[in-house]
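Engineer: This is what each chain is made of:
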Amino acid sequence: MMNFRTFLFPLLLLIFQILFTFLLGFHSEYRYFPVTNVTNYENPPRGLVEFYYSMFTDIHVMMFIGFGYLMTFLRRYSFSSVGFNFILCAFTLEWAVIVRGYLFDWNTTNQKFIVDVQSLTTADFVSASILISMGAVLGKANPVQLILMALLEVPIQVVNEYIGLHIFCAFDPGESMYVHVFGAYFGLAVAFVLYRRNVEDSPHEKSRYTSDIFAMVGTIFLFCFWPSFNAGVATGVTRLYAVVNTYISICSSVIGAFLMSNLVKRGRFDMVHVQNSTLAGGVAVGTIAGSNIGLHGAMVIGTLAGMISVLGYEFLTPRLKHIRIHDTCGVHNLHGMPGFMSGITGIIVASISDRSGYLNHLTDSCLGGGAFRGNSTQSGYQAAGLALTLGMGLVGGLVTGIILRLPIFSQKENDFDDEIHWHLPEDPHKPLLQNHPSARL
Amino acid sequence: MMNFRTFLFPLLLLIFQILFTFLLGFHSEYRYFPVTNVTNYENPPRGLVEFYYSMFTDIHVMMFIGFGYLMTFLRRYSFSSVGFNFILCAFTLEWAVIVRGYLFDWNTTNQKFIVDVQSLTTADFVSASILISMGAVLGKANPVQLILMALLEVPIQVVNEYIGLHIFCAFDPGESMYVHVFGAYFGLAVAFVLYRRNVEDSPHEKSRYTSDIFAMVGTIFLFCFWPSFNAGVATGVTRLYAVVNTYISICSSVIGAFLMSNLVKRGRFDMVHVQNSTLAGGVAVGTIAGSNIGLHGAMVIGTLAGMISVLGYEFLTPRLKHIRIHDTCGVHNLHGMPGFMSGITGIIVASISDRSGYLNHLTDSCLGGGAFRGNSTQSGYQAAGLALTLGMGLVGGLVTGIILRLPIFSQKENDFDDEIHWHLPEDPHKPLLQNHPSARL
Amino acid sequence: MMNFRTFLFPLLLLIFQILFTFLLGFHSEYRYFPVTNVTNYENPPRGLVEFYYSMFTDIHVMMFIGFGYLMTFLRRYSFSSVGFNFILCAFTLEWAVIVRGYLFDWNTTNQKFIVDVQSLTTADFVSASILISMGAVLGKANPVQLILMALLEVPIQVVNEYIGLHIFCAFDPGESMYVHVFGAYFGLAVAFVLYRRNVEDSPHEKSRYTSDIFAMVGTIFLFCFWPSFNAGVATGVTRLYAVVNTYISICSSVIGAFLMSNLVKRGRFDMVHVQNSTLAGGVAVGTIAGSNIGLHGAMVIGTLAGMISVLGYEFLTPRLKHIRIHDTCGVHNLHGMPGFMSGITGIIVASISDRSGYLNHLTDSCLGGGAFRGNSTQSGYQAAGLALTLGMGLVGGLVTGIILRLPIFSQKENDFDDEIHWHLPEDPHKPLLQNHPSARL
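Going line by line, the protein sequences match chains A, B and C. The first sequence finishes on residue 441 if you use full-length UniProt numbering, and the numbering steps up by one all the way, no holes. The second sequence finishes on residue 441 if you use full-length UniProt numbering, and the numbering steps up by one all the way, no holes. The third sequence finishes on residue 441 if you use full-length UniProt numbering, and the numbering steps up by one all the way, no holes.
Extracted from the complex, chain A is given alone in its bound form (with noise of 0.2 Å):
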């Protein structure tokens, strides 16, 4: 038993990586449409590389530099911070490309579904989803539970997108519901299954001076990409309105959490504060990022955003490890809350004749009404959508926590400690303070 779990991880990546060759080898091809005449930037050729490269870029880098260092913020977990955000995220690209391939852009005629930019950028926030999971149980799974939390987590967030995009047409530009509510409730439910009372107690779960600063490298490049993240497959002046209003937003929620840092600290700050709560108002603004909100809406959204992301923080975090819930990076606080506001907002301002933009979108498939709905009912959608995330995320956290809970996947082993799972340098601090539990790092 004990040899069959040391090759459990390699055996499960060569089964999946054999599966996905087969499904793409039978059933992908690649789109591109000749652009000879490209002078339409309002409605591109969905091939267009020239069109999406610049901003899938950005967001790839949010999605390996940013949260990959964000979450290196552990004294002795930086390796597994960084390493695992990297196999996670690499392995559900695969998998999302495949499955949104067959959910939304499957080709009846030739039975392939079509893989260019906007699908890698696409998979980008399907991964961002799982990332955003693997934050609220760092350092308590092991790479193993991480791959399965990602195969399974990735087909309930594309069937949920599906969903709320074609069916209730509840529309979220910057993916403020489907991505960061849906991830981080789904997160919270998988970290409630596998709660055990000792990670309290684990003397591991701290910052050191030179972590804090890697992770400072991760926040700052979310922070920078964001408008390409929110503002990723817009096109149009939808496209220029979430730029906007993502720069202006998330400027404010860095203000805000400084600002609220600063006074719940008493003349200090905190540094977990300004890693994360300085990004809320990326979140907040998502839904609503394509809307025409006016600069002093994004303003007033970014800056509510980063003073409740910090005031999570700081009361809101420690009373939810009394119902078993231990949220590692606080994402409740970054990316639930945020997200839960940003979907409160898109309700609010899909009711308002002519701001949102959202009947723009609207299809013959789409319920209540098709095409032609109104702003009420639209608001109605918004509603409908942000609950089914809610509900979806939480149900799906808690049936695949309970599978990451069955003996053969689970870990016995330290939490918040790379020793278990890295070859470590030896350090030249050992020798002399051998006798000092976290010493080594």
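One should not assume that every hint holds.
Put simply, identical chains are the same to the list, so a pair is met inside one copy or across any two.
[Claimed, not checked] Listed next, the in silico SDA-like pairs over lysine to any residue satisfying Cα-Cα at most 25 Å (straight line):
1) Lys206 to Asp270
2) Lys206 to Ile403
3) Lys265 to Pro10
4) Lys140 to Asp270
5) Lys112 to Pro155
6) Lys112 to Ile18
7) Lys206 to Arg31
Since the hints were made in silico from the structure, they are not lab data.
Using the hints provided, position chains B and C relative to the given structure of chain A.
Structural biologist: Then chains B and C, alone, in the frame of chain A:
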């Protein structure tokens, strides 16, 4: 009184955040032109996201990662460097969008100013000025002082650039005068007023091995994206010139800086030079970046700038202390002198017919002949623009410094020390090394 | 003599900087086509900044941040890694613009070569070769030797690529042969000649926890931007193929590398594999990146490359020492073998009709039938291109190594130690740990 000072920082941010929200609400609008027929890159529609966005994100990264990490070199002040850079830049961007909007983009018909990707880019330019000034006072000014400095410096910078660009018509596509010279001398003037003798005795104004490698992250992103900075709002052939000239000039300053560093350090290199002087070529080519100076011209300017900057660090900075100027990051060597050099070359190049291309940008509102200036007149006005910028920077900085020195804003605490501003992580080495003054980090 | 050697480095840089200035002054010109009617992205005007710039900056970041930080893993050599990468790359870019200009872009009419964004991009490709070679000799060659190596390697690389591309017409859009194979075997040949037995005994050839996390910054930027590298100068459908294939292949090599690392390390991971082998898929797909290989093709190639690369680090690198080859960064595993693999797949794909797309790029100047080659002839010339590159790399490297070994250039100093090249910051731990050999960093 003690209590009030504790709340000064959040109060200040809150008041201005509310004020900015109202100003944006009443006076800003998104500007979008439907772009269904984009065939002209010589003179693209102003709101075209696709034309400006890729360079904009590069410049955004320069501000937050570039400047932020460049300043992390101090061993006990890295949290403050990257953190205060973050809040100061976010605050400045909001304020700069507003002030530039009123002055540069005011539409008298509907009483609103427009905001688009180009506005966001120029707001980043303004913030570069403020971050350069921050470099001069790094470790010696508290967050309240930094925010107040931004509040005062932004309008002075914008007014100076407006007079320079639209009245004197002294062109500066890479912003060497209006951003680098202005920001450096403004910051030095503030540093002059804030000078305290005991700054020189601080045991903390040193780097450590790890903090120097973090600082190089900033340096190299600044290096890589400098062509985007100098070409950020250029179009047509000017854009090509700006990219190529900056690329060549900044590579040359890497050569110049390493060469001179090795010479003055007798066969070794100094990290201070490598982190800073290598970038001097990007500054020094700014004013003439969009001109037909030939690649050899860019080589000469960049190489000299890199050399002069090293000499400045080695021989000038220590001497500045005798006249009460303590320049923490050496902004005089990286921004002051190379920017001045750029202004001078601008004067020279403007005098040569058909080289600078400046005359193509003249309008009727320019002094000294309107759109029909000759080369020598243009040269004269380039000189006037440089002189104006120096004067506005120095006087503005002196006045600002005097305000910052008011007892209500100033600090009595230790310099170059994160401890007074941050909740620092408990350090594993502390128990063993607690008797050593700088052991904590 | 001692004195002269102290000045050798600055002297060398100064002489060549002056020489380069004259060459650029006499023989270079900017190339710009007025782009008032850009409607054709299949075959855009060469000077079009907008078409190339976003990928160019990605590639630029790969060279300076990617390679620079990837090499910081050595615990006492991080200043040198990122610093020497910086100066070497800047020097190489200037030299490569010139040498490629003369050979690839010479205009016999006006006796000048053109410089535009595409030239800057291909100069970055050349510099990748030189930085790969640097990886093989990292820590064992001094700055003078590195500059001399670049001086000699650039023209050999450019001539080899010219013969390969324009005479053999062996295509390689991702530069796997002309950059990766060439750079790796050139570097290994230099390392072979410079080999000294005591290198193996150095106590400093190890990483530390923090230096490994810095190295991951390099890895992940290389990962994220690799699609830009392989698609950097492609147009039309080739560009789409190159982006999608590279994305899929490099994700697959992440899977392959983690899988195999876990297997050979019996349930743990090794940072050396994660930092390097994860990228092997980007190299291995290079030659066929622009071909219609199917997404499953990219999956297979990437997965195998990641696995083989890990096996190389684990079993081959230690054995290479027996034949006098000490490969500091393991460039044979990351660039040599995967590049060779890419060359082989290029031969195979070329032989299949309508897969490679190579025949569309033939011209009359190609050997073996000019523009009318068949698939099997193309296959043969792909093989010839690979063989030529191997030969030129090995012979060029041996000759270069012999020159670098001349007593005037060679060093006697400790390997893998920053102390001989840099003014290091005084370390806070020094007083306590001074008896321990590697305590300083």
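Engineer: Please go over all the hints and tell whether each is borne out by the structure.
Structural biologist: Outcome of the hint check:
no.: 1; hint: Lys206 to Asp270; result: both (13 Å within a copy, 24 Å between copies)
no.: 2; hint: Lys206 to Ile403; result: neither (29 Å within a copy, 40 Å between copies)
no.: 3; hint: Lys265 to Pro10; result: between (46 Å within a copy, 11 Å between copies)
no.: 4; hint: Lys140 to Asp270; result: both (24 Å within a copy, 20 Å between copies)
no.: 5; hint: Lys112 to Pro155; result: within (18 Å within a copy, 47 Å between copies)
no.: 6; hint: Lys112 to Ile18; result: within (19 Å within a copy, 53 Å between copies)
no.: 7; hint: Lys206 to Arg31; result: neither (47 Å within a copy, 47 Å between copies)
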